[in-house]
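Chemist: The lines below spell out each chain.
2 protein chains.
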Amino acid sequence: MSCAGSEVSRRSYHGRMGTRDRIIDAAEQAIHDFGIAGATTKRIAQRAGCSEALLYKHFAGKEALLLAVLLERLPALAPALTGLRRRTGDLDADLAEFALAALRFYGKAAAIAGGVLGDPPLMAGFREMLAKANSGPHVPIQILGELLRAEQHDGRLDPDIDADAAAALLMGACFHRANLSYFVDLPDEDETWATMIVKTLIRR
Amino acid sequence: MSCAGSEVSRRSYHGRMGTRDRIIDAAEQAIHDFGIAGATTKRIAQRAGCSEALLYKHFAGKEALLLAVLLERLPALAPALTGLRRRTGDLDADLAEFALAALRFYGKAAAIAGGVLGDPPLMAGFREMLAKANSGPHVPIQILGELLRAEQHDGRLDPDIDADAAAALLMGACFHRANLSYFVDLPDEDETWATMIVKTLIRR
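First to last, the protein sequences are chains W and V.
Heads up: the first sequence begins at 34 in our numbering, then just goes up one per residue.
Heads up: the second sequence begins at 34 in our numbering, then just goes up one per residue.
Keep in mind that the hints are not guaranteed to be accurate.
[Unchecked claim] Below, computed lysine-lysine pairings styled on DSS-like, alpha-carbon distance capped at 30 Å:
id, chain 1, residue 1, chain 2, residue 2
1, V, LYS75, V, LYS90
2, V, LYS165, W, LYS165
3, W, LYS141, V, LYS165
4, W, LYS75, V, LYS232
5, V, LYS165, V, LYS232
6, W, LYS232, V, LYS232
7, V, LYS165, V, LYS141
8, V, LYS90, V, LYS141
9, W, LYS90, W, LYS75
10, V, LYS141, W, LYS141
[To be verified] Quick list of simulated restraints, FRET-style, between CB atoms:
id, chain 1, residue 1, chain 2, residue 2, range
11, W, GLU224, V, ALA86, 30 to 36 Å
12, V, GLY94, W, VAL217, 15 to 21 Å
13, V, LEU87, W, ASP221, 41 to 47 Å
14, W, ARG237, V, ASP218, 33 to 39 Å
15, V, GLY71, W, GLU222, 37 to 43 Å
16, V, GLN79, W, ALA111, 31 to 37 Å
Because the hints were derived from the structure by calculation, they are not lab data.
All values reported here derive from a predicted model rather than from experimental measurement.
All residues carry an ideal CB built from backbone N, CA and C; glycine is no exception.
Using the sequences plus the hints, can you model the full thing?
Modeler: Shown next, in the form of structure tokens:
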């Protein structure tokens with residue numbers, strides 16, 4: 034903020050942040066209790082102790098609020114990708130650890146993404162918002178593909194592997210498993226599974 | 034039917050089948066128009082031209098009706114898996130064709146599965162129904178794993194590959210891509226993508 038030295042401005046800045054955080058917390062809780070369809074902006078505003086009008090001052094719509102929950106409240110993918118970029122250990126072990134982080138993220142994100150998918154008007158709004166931001170759930174695959182290309186460049190990964198395809202396979206397997214675990218009890222442990230997936234994918 | 038020779042019974046049998054089919058069609062249409070949450074049994078019954086009581090005579094609940102839509106109205110995975118079992122061509126090409134069939138199925142199933150995921154009480158009922166039937170969306174991975182093991186047994190696939198992990202990677206990539214395509218415009222063509230995925234997965 035340009036006026037960060039002013040005590041009044043700082044308090045008003047913190048005040049705004051507080052409301053925004055309260056709304057995101059309330060949204061996360063409402064989604065947990067009522068599902069996406071039941072988590073109306075009215076319910077969320079009530080739970081956050083603010084008016085719907087104030088909610089809309091912080092978020093352009095339910096789509097933007099859901100995106101904030103996905104990006105700011107879930108165990109995020111971004112730190113896991115950063116960890117992979119700075120990795121120093123064994124490639125197999127580091128990728129298996131990344132797969133576990135992806136499983137955790139997708140496990141939490143699945144209910145929100147699913148709820149959006151199951152609601153055609155909400156889906157249309159969400160798609161439009163992502164297109165405007167030139168972003169979307171495909172970006173982590175692109176980043177992982179670039180990381181795998183860097184490993185190939187440094188001679189730590191078979192250069193014959195298509196890095197983007199390998200990234201799509203790894204992220205896809207994690208996304209699918211996170212979804213499956215909502216529907217059925219999966220027999221094998223996540224750790225065992227992640228190790229086998231990575232071993233099969235980047236075998237020498 | 035034990036009384037299939039009786040004209041009266043046959044007509045009543047067809048009558049029942051007609052109602053069941055009409056209800057499934059109405060459910061599919063209602064899901065398309067209103068999303069999972071909006072596709073209430075009341076709306077579905079109205080559209081099928083029957084009472085809710087009659088709907089519940091054919092389906093134990095909304096969960097069973099959604100499962101019928103998934104299994105009986107979508108471009109099914111089962112024939113694609115059967116095609117793979119009877120395949121005679123090049124393994125890479127046959128798997129790429131299977132991946133395209135999986136993309137089509139998951140593309141249609143995503144909105145229904147997502148809607149279930151986004152609705153906690155519906156999800157609980159769906160999970161219980163699948164557990165009782167000892168079935169679920171993980172079964173196609175198991176079947177594909179068995180098919181890949183048969184290919185290994187016949188010397189057409191690297192025996193060092195873990196067949197179950199390879200199956201999870203292929204199905205997962207297809208499931209993920211089908212979901213992603215709802216959120217963003219994907220740059221590459223499905224055919225090109227499927228070929229690269231398979232080539233990367235079963236490389237020699």
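Chemist: Evaluate each hint against the coordinates.
Modeler: Checked hints:
1. V:LYS75 with V:LYS90: holds, 14 Å
2. V:LYS165 with W:LYS165: violated, 45 Å
3. W:LYS141 with V:LYS165: Roughly 25 Å between the alpha carbons, so the hint for LYS141 (chain W) and LYS165 (chain V) holds.
4. W:LYS75 with V:LYS232: It is violated: about 50 Å lies between the C-alpha atoms, which goes past 30 Å.
5. V:LYS165 with V:LYS232: Violated - the C-alpha atoms of LYS232 (chain V) and LYS165 (chain V) are around 38 Å apart, more than 30 Å.
6. W:LYS232 with V:LYS232: Holds. LYS232 (chain W) to LYS232 (chain V) sits at ~16 Å (cutoff 30 Å).
7. V:LYS165 with V:LYS141: With Cα atoms ~25 Å apart, LYS165 (chain V) and LYS141 (chain V) stay inside 30 Å; holds.
8. V:LYS90 with V:LYS141: At roughly 27 Å apart (the allowed maximum being 30 Å), LYS141 (chain V) and LYS90 (chain V) satisfy the hint.
9. W:LYS90 with W:LYS75: holds, 14 Å
10. V:LYS141 with W:LYS141: Status holds; Cα separation ~23 Å.
11. W:GLU224 with V:ALA86: 30 to 36 Å: violated, 49 Å
12. V:GLY94 with W:VAL217: 15 to 21 Å: At 18 Å between Cβs, range holds.
13. V:LEU87 with W:ASP221: 41 to 47 Å: Holds, at about 43 Å.
14. W:ARG237 with V:ASP218: 33 to 39 Å: holds, 36 Å
15. V:GLY71 with W:GLU222: 37 to 43 Å: Given a distance of about 38 Å, which is inside 37 to 43 Å, the answer is holds.
16. V:GLN79 with W:ALA111: 31 to 37 Å: Since the Cβ atoms of GLN79 (chain V) and ALA111 (chain W) sit about 47 Å apart, the hinted range of 31 to 37 Å is violated.
Going down the numbered hints, you'll see the structure goes against 2, 4, 5, 11, 16, while the others check out.
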